[in-house]
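K.L.:
In case you want the letters, here they are:
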Amino acid sequence: MSIEHVLFGVFALLTVLSALMVIFAKSPISSAMSLVATFFFLAGIYVLLWAHTVAVMQVMVYAGAIMVLFLFVIMLLNLGESTQAGPRLTLPRVAGGAAAAGLLVVLVMAIWRVPSVNTFTGQQAVSGGFGTLARIGQTIFTQWLLPFEAVSLLLLVGMVGAVVVAKSRI
Amino acid sequence: MANSVDIKYYLILAAILFCLGMFGVLVRRNALVVFMCVELMLNAANLTFLSFAKQNGDLTGHVSAFFVIAVAAAEASIGLAIVIAVFRSRGTVNIEEIRTMKH
Numbered sequence: 001m002s003i004e005h006v007l008f009g010v011f012a013l014l015t016v017l018s019a020l021m022v023i024f025a026k027s028p029i030s031s032a033m034s035l036v037a038t039f040f041f042l043a044g045i046y047v048l049l050w051a052h053t054v055a056v057m058q059v060m061v062y063a064g065a066i067m068v069l070f071l072f073v074i075m076l077l078n079l080g081e082s083t084q085a086g087p088r089l090t091l092p093r094v095a096g097g098a099a100a101a102g103l104l105v106v107l108v109m110a111i112w113r114v115p116s117v118n119t120f121t122g123q124q125a126v127s128g129g130f131g132t133l134a135r136i137g138q139t140i141f142t143q144w145l146l147p148f149e150a151v152s153l154l155l156l157v158g159m160v161g162a163v164v165v166a167k168s169r170i
Numbered sequence: 171m172a173n174s175v176d177i178k179y180y181l182i183l184a185a186i187l188f189c190l191g192m193f194g195v196l197v198r199r200n201a202l203v204v205f206m207c208v209e210l211m212l213n214a215a216n217l218t219f220l221s222f223a224k225q226n227g228d229l230t231g232h233v234s235a236f237f238v239i240a241v242a243a244a245e246a247s248i249g250l251a252i253v254i255a256v257f258r259s260r261g262t263v264n265i266e267e268i269r270t271m272k273h
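Line by line, the protein sequences are chains A and B.
Under my numbering, think of the first position of the first sequence as 1, with each following residue one higher.
Under my numbering, think of the first position of the second sequence as 171, with each following residue one higher.
These are computed hints drawn from the structure, not numbers from a lab.
You may find that some hints are simply not true.
Sample of chain B residues lacking proximity to chain A, with all beta carbon distances greater than 10 angstroms (derived) [stated by the list, open to error]:
id, residue
1, Asn226
2, Ile268
3, Arg269
4, Lys272
Distance ranges between label pairs, derived from CB positions [to be verified]:
id, chain 1, residue 1, chain 2, residue 2, range
5, A, Val6, B, Ser259, 43 to 53 angstroms
6, B, Ser174, A, Ser168, 49 to 59 angstroms
7, A, Met1, B, Ser259, 51 to 61 angstroms
8, B, Arg258, A, Val6, 43 to 53 angstroms
9, B, Val238, A, Arg113, 50 to 60 angstroms
10, B, Arg260, A, Thr139, 43 to 53 angstroms
11, A, Val160, B, Ile268, 45 to 55 angstroms
12, B, Glu267, A, Ala134, 24 to 34 angstroms
13, A, Ser152, B, Ile265, 28 to 38 angstroms
14, B, Arg269, A, Glu4, 45 to 55 angstroms
15, B, Glu267, A, Gly137, 44 to 54 angstroms
16, B, Ile268, A, Gln123, 49 to 59 angstroms
Owing to the predicted nature of the structure, the values given are computational and were not obtained by experimental measurement.
Glycine included, C-beta positions come from ideal geometry on N, C-alpha and C.
Hey, can you work out the whole structure from these sequences and the hints?
P.N.:
Below you can see the structure in the form of structure tokens.
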């Protein structure tokens, strides 16, 4: 039982709990705040996976930029508590729960057969600079340059499209 | 390494997150909360990419996670703009009352 197990257990539990709160919160604002918490705990899990750069991007882009956009829209639309009174067990909810539970069972049964080959050790990761910004940048700009440029074009199109769609009169 | 967490547990956590996101997409009616649940599912995908990247010592998974984050940002901007436009013309974000995208 190492410190890694303890940290993983704590972060995993908190991630699942805050994800549950995203789904079952009454007002959209508390859903959004729970989602921010989920992103922070997931960033902790990413650090355990030696993905420090992705963890920082997660906090900056997801918990920073995207969630600010969500909160801004929720407050702009002035959505209060949902009008649904109490948790009712309707047919769509039961069917959705059954579908999600079935998928979870199948996924866990499949994952349990993944061979756990831990040939890649911590020493190799540290000496090779695994997960550092320098190594990821090297990979992106040598092997993934065209997709990277395509993503920048996608973000530009998204920006212009958001302005055009949300404008009242064109 | 014996004292490191097995990759299975990371993958199971990702599966749980994905199924929670799917459950939310299926049962919630507020369009904004449905978007948030889609973000949960995207994060589950990211967690899977990073787990396999750690197992194989390959940085391609990190690059994929970076692309997923960028695409999620674009998706959120367009989706929220559509939600604002729909709310302006209909006065609701309940996806059961929105049956058409036409003006």
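K.L.:
Please go over all the hints and tell whether each is borne out by the structure.
P.N.:
Here is what the structure says about each hint:
no.: 1; hint: Asn226; in the structure: violated, 7 angstroms
no.: 2; hint: Ile268; in the structure: holds, 14 angstroms
no.: 3; hint: Arg269; in the structure: holds, 16 angstroms
no.: 4; hint: Lys272; in the structure: holds, 14 angstroms
no.: 5; hint: A/Val6 with B/Ser259: 43 to 53 angstroms; in the structure: holds, 52 angstroms
no.: 6; hint: B/Ser174 with A/Ser168: 49 to 59 angstroms; in the structure: holds, 55 angstroms
no.: 7; hint: A/Met1 with B/Ser259: 51 to 61 angstroms; in the structure: holds, 57 angstroms
no.: 8; hint: B/Arg258 with A/Val6: 43 to 53 angstroms; in the structure: holds, 49 angstroms
no.: 9; hint: B/Val238 with A/Arg113: 50 to 60 angstroms; in the structure: violated, 25 angstroms
no.: 10; hint: B/Arg260 with A/Thr139: 43 to 53 angstroms; in the structure: holds, 45 angstroms
no.: 11; hint: A/Val160 with B/Ile268: 45 to 55 angstroms; in the structure: violated, 24 angstroms
no.: 12; hint: B/Glu267 with A/Ala134: 24 to 34 angstroms; in the structure: violated, 51 angstroms
no.: 13; hint: A/Ser152 with B/Ile265: 28 to 38 angstroms; in the structure: holds, 32 angstroms
no.: 14; hint: B/Arg269 with A/Glu4: 45 to 55 angstroms; in the structure: holds, 50 angstroms
no.: 15; hint: B/Glu267 with A/Gly137: 44 to 54 angstroms; in the structure: holds, 47 angstroms
no.: 16; hint: B/Ile268 with A/Gln123: 49 to 59 angstroms; in the structure: holds, 55 angstroms
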